[in-house]
Every structure is written in C-alpha cells, then in structure tokens.
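One letter stands for each residue in the lines below.
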Amino acid sequence: AQSVTQPDIHITVSEGASLELRCNYSYGATPYLFWYVQSPGQGLQLLLKYFSGDTLVQGIKGFEAEFKRSQSSFNLRKPSVHWSDAAEYFCAVGAAGANNLFFGTGTRLTVIP
Amino acid sequence: EAQVTQNPRYLITVTGKKLTVTCSQNMNHEYMSWYRQDPGLGLRQIYYSMNVEVTDKGDVPEGYKVSRKEKRNFPLILESPSPNQTSLYFCASSRGDSTRNTQYFGPGTRLTVL
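Chains as they are written, first to last, in our numbering: chain G, -13 to 99; chain Z, 2 to 115.
Be aware that a few hints might be false.
Derived, one-sided and incomplete: chain G residues facing chain Z with beta-carbon distance under 10 Å [stated by the list, open to error]:
| hint | residue |
| --- | --- |
| 1 | PRO(-7) |
| 2 | ILE(-5) |
| 3 | VAL(-1) |
| 4 | ALA72 |
| 5 | PHE76 |
It should be emphasised that the hints constitute simulated quantities derived from the structure, not laboratory data. This structure is a prediction, so every number in the text was calculated from the model and none was measured. Every residue gets a Cβ at the ideal spot worked out from N, C-alpha and C, and that includes glycine.
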C-alpha cells in the first residue's frame, strides 16, 4: 500500500540555521516525489519534484531534496533558514499513470529569531 | 494570472443543509481534483476529473458529489453535510493526466458543519 511518513510533526529552528525535513515513502511502483509548502491561510505551493535522473533536486526558495532509493527517503534541506520559511511542509508521492498524490501528514516549521 | 479560485473561503453551515463549493481554474487544465485536509491526516483525495464529463472517486468520496460540465469548473457538492465533513478543502488542477504534471492548488475553503 502506498504511504508517506513524515516523522516530525513540528520542528523549531533558529533563523540562519540549517534545516532537514524527513520523508519516507512506501510505494509499489517507481515513485514520483514532491515537496509542497503551505503558508498560513494559503494553498499549497510546489517546492520541488523528482521523477528520475539526478537524485539531488533543486527547488524554489533555496530548497533541495535528495532521493535515496535504498532508504525510501526524500528529505528536504535548506542550508540557511529564513523567518519567511515558517510554514507547513508536505511530502507527497505519485506514480506514472496514476491519478492521485499521496500526502504525508505534514511537518510544521517554526523559525525563531 | 494563472490561478485556481475557490468560493467561499469560509463557510459555517448546519447538518443536512445542501451546499456547493465552487472551484475554477484559468489554465485550461484537463485534470482537476478535490482534497480535504484534516489535522494529523494530511491531504486526502475526494474526487478527481480527467476532463469534461469524466469524474472518478478518490480515497474518501463518501458524502460528496462532483460534476465537470465545463473544463474550467469543478464544483464540490455536499448534499447532506454532517459534522464529520468539517474540514479544510482544496481544489487542484494540472495539465493532462500524469502525476508528472505539477498540481496547482486553490487557497482552500474552511467548512464547519454544526
């Protein structure tokens, strides 16, 4: 069965510190992987996506993620967090020919000055 | 500006009173979808549509109806809302029918059923 696990419900980091948000997936087919960000009161915005090729993908706002097939992971990273990065982050998985994305439960990021 | 719009943004209603949440996109996308977001559960798909007059159930379709009479619109209908349908609802659209295509999300509709 398809599933996405984001083990951290809430993370707090200091502004300027590095960030890593964890995502593990379970999917029978070759996965397409996504990270979305949801700012308060807003819809979801795509940060980055992985379909194939280079396992390190760059996204918007200085984010990157690395696909590790052996660990079934797709962790999101940012070297230096800005206060505006405070939001909720969702990892999602889909597959070729499928009509649905499966979302994790989200990680809420708080940034302290 | 390319966007997905939803109306209303906030709605408080009572059990059993039929309601419709509208969704419209201006990107000529074939694929549209409805999700609900609940704390601790992430987003779950309710219904999706591959194109005009083509709709199908997602993971949690019970208690919901949809229609796709025009390409740009995909309304979500709750014929007899119940308190367990209190949630945050998102409409999304994308080009084509592949999950490779980026889904664009609306701003959400917060529904409370008393």
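Cross-check of the supplied hints:
About 13 Å separates the beta-carbon of PRO(-7) of chain G from the nearest beta-carbon of chain Z, more than 10 Å, and the hint is not met. A cut of 10 Å between beta carbons decides the hint on ILE(-5) of chain G: the least distance to chain Z is about 8 Å, and the hint holds. The restraint placing VAL(-1) of chain G at the interface with chain Z is violated, with a minimum CB-CB distance near 22 Å, outside the 10 Å limit. Because the closest C-beta pair between ALA72 of chain G and chain Z is about 18 Å apart, greater than 10 Å, the hint is violated.
For PHE76 of chain G, the interface hint holds, since its Cβ comes within 10 Å of a Cβ in chain Z; the closest pair sits about 6 Å apart.
When the structure is compared with the earlier hints, violations turn up for hints 1, 3, 4 and for no others.
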